[in-house]
Amino acid sequence: MDNTALCYRQFGEPESVLQRETAVKAPLQPDMLRVQMLLSPVNASDLIPITGAYRHRITLPAIAGYEGVGRVIAAPVGFTHLLGQRVLPLRGEGTWQQYVDCPAALAIPVPDTIDTLLAARAFINPLAAWLMLNLWPVEGKRVLLTAAGSDCAILLGQWALRRGATEVYGIHRSAIHADRLRAMGIIPIAQQESDSVRAIAAASDVVFDATGGELAQTILSAMRNSAAFICYGLLSGQPFSLQRHFPPMHWFHIRNHFDALSPQRWQTAFTEIWPLLAGSHYSDARLLPFSAWQTALADYRQAGRDHKPLLDFTCDTP
Numbered sequence: 001m002d003n004t005a006l007c008y009r010q011f012g013e014p015e016s017v018l019q020r021e022t023a024v025k026a027p028l029q030p031d032m033l034r035v036q037m038l039l040s041p042v043n044a045s046d047l048i049p050i051t052g053a054y055r056h057r058i059t060l061p062a063i064a065g066y067e068g069v070g071r072v073i074a075a076p077v078g079f080t081h082l083l084g085q086r087v088l089p090l091r092g093e094g095t096w097q098q099y100v101d102c103p104a105a106l107a108i109p110v111p112d113t114i115d116t117l118l119a120a121r122a123f124i125n126p127l128a129a130w131l132m133l134n135l136w137p138v139e140g141k142r143v144l145l146t147a148a149g150s151d152c153a154i155l156l157g158q159w160a161l162r163r164g165a166t167e168v169y170g171i172h173r174s175a176i177h178a179d180r181l182r183a184m185g186i187i188p189i190a191q192q193e194s195d196s197v198r199a200i201a202a203a204s205d206v207v208f209d210a211t212g213g214e215l216a217q218t219i220l221s222a223m224r225n226s227a228a229f230i231c232y233g234l235l236s237g238q239p240f241s242l243q244r245h246f247p248p249m250h251w252f253h254i255r256n257h258f259d260a261l262s263p264q265r266w267q268t269a270f271t272e273i274w275p276l277l278a279g280s281h282y283s284d285a286r287l288l289p290f291s292a293w294q295t296a297l298a299d300y301r302q303a304g305r306d307h308k309p310l311l312d313f314t315c316d317t318p
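First residue of the sequence shown? That's 1 in UniProt numbering, and the numbers climb one at a time after it.
Don't read these hints as lab results, they were simulated from the structure. Nothing here was measured: the structure is a model prediction, and the numbers come from that model. For each residue, glycine too, the CB sits at the ideal point set by N, CA and C. Some hints here could point you the wrong way.
To be verified - Label pairs and their computed distance ranges (CB to CB): (1) A23 / E193: 48 to 56 angstroms; (2) T314 / R198: 43 to 51 angstroms; (3) A23 / A203: 51 to 59 angstroms.
Said to hold, decoys possible - Calculated pairs, EDC-like style, for lysine to aspartate or glutamate (alpha carbon to alpha carbon, straight line, at most 16 angstroms): (4) K25 / D115; (5) K25 / D2; (6) K25 / D101; (7) K141 / D101; (8) K141 / E167.
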């Protein structure tokens with residue numbers, strides 16, 4: 001079986017180092033599923049590792065992509081009931097390829113009620129939001145989000161309100177996000193309105209930050225010592241320095257929590273996430289053929305983007 005994948009053999013900007021490569025797929029190993037991919041999104045978490053930011057845990061050559069949805073075409077004994085079913089082939093190989101092998105016990109079956117476009121984006125951002133709200137409860141608290149138009153932030157905001165947050169504020173860079181945030185119950189704050197940002201930061205109990213850089217520094221300098229600041233991304237590409245008078249600061253990396261999730265707990269997490277996700281606002285999706293991956297990356301980098309580009313493998317599968 002021939003398999004086409006987006007590979008990188010050195011670290012660098014994804015547009016420069018990614019290449020489509022076709023090779024014979026290795027035989028399926030015991031206890032593994034083989035999944036024919038349908039859709040896979042483009043996320044920051046897909047692109048940042050390609051640059052070499054996490055080179056200490058990546059062995060080259062590597063296949064890009066961390067999430068997506070596909071259909072099971074081969075399964076070991078005990079999992080044959082999954083043949084023909086849609087699953088999330090997680091924690092195995094890179095997902096930007098036509099065929100993905102993943103541990104059978106960790107593949108997440110997709111309920112029939114969940115649309116394929118939604119299922120393709122049900123891992124990185126939903127699981128991160130779910131884990132963070134479990135780790136830092138928000139009931140009775142005022143919550144502040146940065147990069148509020150991003151997929152993870154809009155889920156954090158909606159689910160925080162469901163969990164009893166008194167108010168959720170969302171800092172956004174592009175005005176295109178303001179109306180969307182209001183419709184979700186999130187109070188929009190323009191990032192360039194520095195006085196408003198400082199005032200809300202000073203009154204917030206929990207901050208979930210995805211940007212880092214100058215904005216994180218501004219928020220931290222205004223926060224009370226009794227508040228909590230959780231950094232789960234550096235979309236600005238800029239670090240920030242901590243000072244003694246700042247409130248407690250916590251780093252969240254989703255990968256650090258995988259080992260604590262047994263296969264049973266892993267499956268249970270998604271039984272909780274599916275209904276939450278189905279009942280939430282999420283960004284629109286834009287499908288682009290797998291062969292047009294460069295266009296998908298350019299689309300992802302558009303300022304003020306209000307949709308998620310997805311690689312569509314059904315256009316390329318022989």
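Q. Between K25 and D2, is the straight-line Cα distance small enough, at 16 angstroms or below?
A. holds, 6 angstroms
Q) Is the straight-line distance between the alpha-carbon of K25 and that of D101 16 angstroms or less? A) holds, 10 angstroms
Q: For the pair we were handed, K141 and D101, check the Cα-Cα distance against 16 angstroms.
A: violated, 42 angstroms
Q. Measuring from beta carbon to beta carbon, are A23 and E193 in 48 to 56 angstroms?
A. Given about 52 angstroms between the Cβ atoms, the range holds.
Q: May I ask you to test the hint 51 to 59 angstroms on the CB atoms belonging to A23 and A203?
A: Given range 51 to 59 angstroms: holds, Cβ gap about 56 angstroms.
(Q) For a C-alpha distance cap of 16 angstroms, please report whether K141 and E167 respect it. (A) Status holds; Cα separation ~7 angstroms.
Q) Within 43 to 51 angstroms or not, the Cβ separation of T314 and R198? A) The hint (43 to 51 angstroms, Cβ to Cβ) holds, given that T314 and R198 are roughly 48 angstroms apart.
(Q) Check the hint pairing K25 with D115 against an upper bound of 16 angstroms on the C-alpha distance. (A) Distance of about 29 angstroms is beyond 16 angstroms: violated.
Of the numbered hints listed earlier, those contradicted by the structure are 4 and 7.
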